[in-house]
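Trainee: Going line by line, the protein sequences match chains A and B. Reading the first sequence from the start, the letters are residues 1 to 108 in this note's numbering. Reading the second sequence from the start, the letters are residues 1 to 108 in this note's numbering.
Simulated from the structure, these hints should not be mistaken for laboratory data. For clarity, every value in this text was computed on a predicted model and none was experimentally measured. Some hints here could point you the wrong way.
Remember, identical chains collapse to one label, so a pair may be satisfied in a single copy or spanning two.
Here are the simulated BS3-like cross-link-like pairs (lysine-lysine), alpha carbons at most 30 Å apart as the crow flies [claimed, not checked]: (1) Lys83 x Lys105; (2) Lys105 x Lys36; (3) Lys88 x Lys102; (4) Lys62 x Lys105; (5) Lys57 x Lys105; (6) Lys62 x Lys102; (7) Lys57 x Lys15; (8) Lys57 x Lys102; (9) Lys66 x Lys10; (10) Lys47 x Lys102; (11) Lys15 x Lys94; (12) Lys19 x Lys88; (13) Lys57 x Lys11; (14) Lys36 x Lys10; (15) Lys83 x Lys22; (16) Lys30 x Lys102; (17) Lys66 x Lys47; (18) Lys57 x Lys94; (19) Lys102 x Lys66; (20) Lys19 x Lys94; (21) Lys36 x Lys62; (22) Lys11 x Lys22.
2 protein chains.
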Amino acid sequence: MNIGWRIWLKKGELKIFGKGPKELLQRTEKMGSLRKAAMSMNMSYSKAWNLISNLEKALDIKILDKTIGGIDGGSSTLTQEGKALIDKYDELEKRIEEAILKIYKEVF
Amino acid sequence: MNIGWRIWLKKGELKIFGKGPKELLQRTEKMGSLRKAAMSMNMSYSKAWNLISNLEKALDIKILDKTIGGIDGGSSTLTQEGKALIDKYDELEKRIEEAILKIYKEVF
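For reference, chain A alone in the conformation it holds in the complex (with noise of 0.2 Å):
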């Protein structure tokens, strides 16, 4: 037997921060681009912007810098804010998962 677990980070009962939209974050900052990061893990780019721009409202920070147009059709850089969003959820993850095996293995 074992432990699975999940987290998340929400604004009242709206999920707006996890797993799925740290790797969106992560790969439009190596790809350099929303539209094709979101692609890449088969996510339409409506949701892709819907995610981004919600989760920019609900903590009233900008995630992501665009540039519009050009050759390539603009471009999306992680802000300061984004990479330490970013940062500190990678440490809360870590620092859960282990607490959350510790704990586990002292109950069980």
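Keeping the supplied structure of chain A fixed, place chain B upon it in accordance with the hints.
Mentor: For chain B alone, kept in the frame of chain A given last:
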């Protein structure tokens, strides 16, 4: 902003216990009947039965004592091992909740 989470027990990749099954067992004990407990949760009896059966197989313990037939169509009570599972899972949930909230406050 806040944090949400869900935990479950698994064997391999199969989820074998969590919030729903715990509720089912607690209601079974209270109502004296797996069938009535399942009905009260809008769960089919076959689903409830499979859930208990998979759990018993995965942990190699007996969870429910069943008496068959009689005027009320038989009854179900939790075994000592079934009660111990619920108690341990309650402790697990409680301690993990405390840890998650503590870590979340420290990180964010």
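Trainee: All hints are to be evaluated individually against the structure, with a verdict given for each.
Mentor: Hint check results:
1. Lys83 x Lys105: between (33 Å within a copy, 19 Å between copies)
2. Lys105 x Lys36: neither (41 Å within a copy, 34 Å between copies)
3. Lys88 x Lys102: Answer is both: 21 Å inside a copy and 14 Å across each meet the 30 Å cutoff.
4. Lys62 x Lys105: between (40 Å within a copy, 22 Å between copies)
5. Lys57 x Lys105: between (39 Å within a copy, 21 Å between copies)
6. Lys62 x Lys102: between (36 Å within a copy, 27 Å between copies)
7. Lys57 x Lys15: Classified as within: same-chain Cα gap 13 Å, cross-chain 35 Å, threshold 30 Å.
8. Lys57 x Lys102: Between. Shortest inter-copy distance 25 Å satisfies the 30 Å Cα cut-off; intra-copy 36 Å does not.
9. Lys66 x Lys10: within (25 Å within a copy, 42 Å between copies)
10. Lys47 x Lys102: For lysine 47 and lysine 102, the Cα distance exceeds 30 Å both inside one copy (36 Å) and across copies (32 Å).
11. Lys15 x Lys94: Both ways: lysine 15 and lysine 94 sit 20 Å apart in one copy and 22 Å across, limit 30 Å.
12. Lys19 x Lys88: For lysine 19 and lysine 88, the Cα distance is within 30 Å both inside one copy (13 Å) and across copies (28 Å).
13. Lys57 x Lys11: within (10 Å within a copy, 40 Å between copies)
14. Lys36 x Lys10: within (26 Å within a copy, 35 Å between copies)
15. Lys83 x Lys22: within (10 Å within a copy, 39 Å between copies)
16. Lys30 x Lys102: neither (34 Å within a copy, 32 Å between copies)
17. Lys66 x Lys47: within (17 Å within a copy, 49 Å between copies)
18. Lys57 x Lys94: within (26 Å within a copy, 32 Å between copies)
19. Lys102 x Lys66: neither (42 Å within a copy, 35 Å between copies)
20. Lys19 x Lys94: both (12 Å within a copy, 24 Å between copies)
21. Lys36 x Lys62: within (20 Å within a copy, 52 Å between copies)
22. Lys11 x Lys22: both (16 Å within a copy, 27 Å between copies)
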